[in-house]
Amino acid sequence: MKFFEDIQVGDVFDYGRYTFTADNIKAFAVRYDPQAFHVDEAAGERSHFGALVASGWHTAVTWMRLMIDYRRRMDEAILARGEPVAGIGPALGFRDLTWPTPVYVGDTVAYRSDVVELRLSNSRPQSGLMTFRSTGVNQHGKPVLSLVSTTFVERREKPP
Amino acid sequence: MPKLHWEDFQPGAVAVYGPRLVTREEIVAFAAEFDPQPMHLDEVAASATLLGGLGASGWHICCLLMRIIADGFVLDSSSMGSPGIEEVRWQKPLRPGTQIRVRSTVLESRPSKSRPEMGLTKFRYEVIDDAGGVLTTMVTTAMLGRRKPEAAS
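If you read the protein sequences in the order shown, they are chains A and B. With positions in the first sequence counted from 1, the corresponding number in the working numbering is that position plus 48. With positions in the second sequence counted from 1, the corresponding number in the working numbering is that position plus 35.
Derived by calculation from the structure, the hints in this document are not laboratory data. Glycine included, every Cβ here is placed at the ideal spot set by N, Cα and C. Treat the hints with care, since some could be wrong.
Straight-line alpha carbon distances no greater than 30 Å define the calculated BS3-like cross-link-like pairs of lysine-lysine that follow [claimed, not checked]:
1) B:K38 - A:K74
2) A:K74 - B:K157
3) A:K50 - B:K127
4) A:K190 - B:K148
Here are a few chain A residues that face chain B, going by a calculated C-beta distance under 7 Å [as the list claims (entries may be wrong)]:
5) V109
6) R113
7) P207
With the hints as constraints, model all of the structure from the sequences given.
Structure, rendered in structure tokens:
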């Protein structure tokens, strides 16, 4: 990760895209969220969704995976320049998570985060706190996921 | 027909679901698939992090909570999904070998204004260990079908 001092409010992290298929929707749902409209096409058609839909948790953990992969690529690029990487985490939780549009078979979701607030931490003065809104948008431009999270990011300049 | 409808969840009602024993293998497998960070994958790397040892991904805890309540009541209900999660707090690490339960409290209940066949129920869920310690709290609203849809007015 970049150091806290090198992050600005308004910075965007672009995580890339993921395509949801009947197979990956059901493979997730049978393990963690086996509601009928997440595991069975016919049940999905009978439901108010009108078709098989991804579990909202699947939509969310896919964001997490793409974010971790993005951060790893960022760290590798920083290390390749011979510079130090900043530690990040832990996150304490999240808030205001919404699933405004269902995710259907064949949908491709683009994920990103926008930095919305930066402040110093009283409890961990060696870190700052970064608050960011993360979103997933489908191929029609419709939002399918939004959440706000706060995490610790290491400061370059540590207080004495 | 589902057994449980929106009318069956009255504010103040408390229920406990589970238990489920969370193994090291599933903590590592979930992390490898969805949250591959050192503190969820490897004891030695985890001991050097702020988590102070191997612990489950917070997202894994959320998914385990979902599965426990699914088996506990959601699959027997008229669930229509959820518009989202107001808040999740990861308060204590979930360590390998911990047996967890989910304590559910109904916070609010209201009919949907736009859909007479549906009601909205706000729950607080707490993931608790055998000592009663709260590991994670979640506040979320569920969409539930009504047993008796409100007559159109």
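Taking the hints in turn, this is what the structure says about them:
{"no.": "1", "hint": "B:K38 - A:K74", "result": "24 Å, holds"}
{"no.": "2", "hint": "A:K74 - B:K157", "result": "27 Å, holds"}
{"no.": "3", "hint": "A:K50 - B:K127", "result": "27 Å, holds"}
{"no.": "4", "hint": "A:K190 - B:K148", "result": "23 Å, holds"}
{"no.": "5", "hint": "V109", "result": "4 Å, holds"}
{"no.": "6", "hint": "R113", "result": "5 Å, holds"}
{"no.": "7", "hint": "P207", "result": "18 Å, violated"}
Of the numbered hints given earlier, the model fails hint 7 alone.
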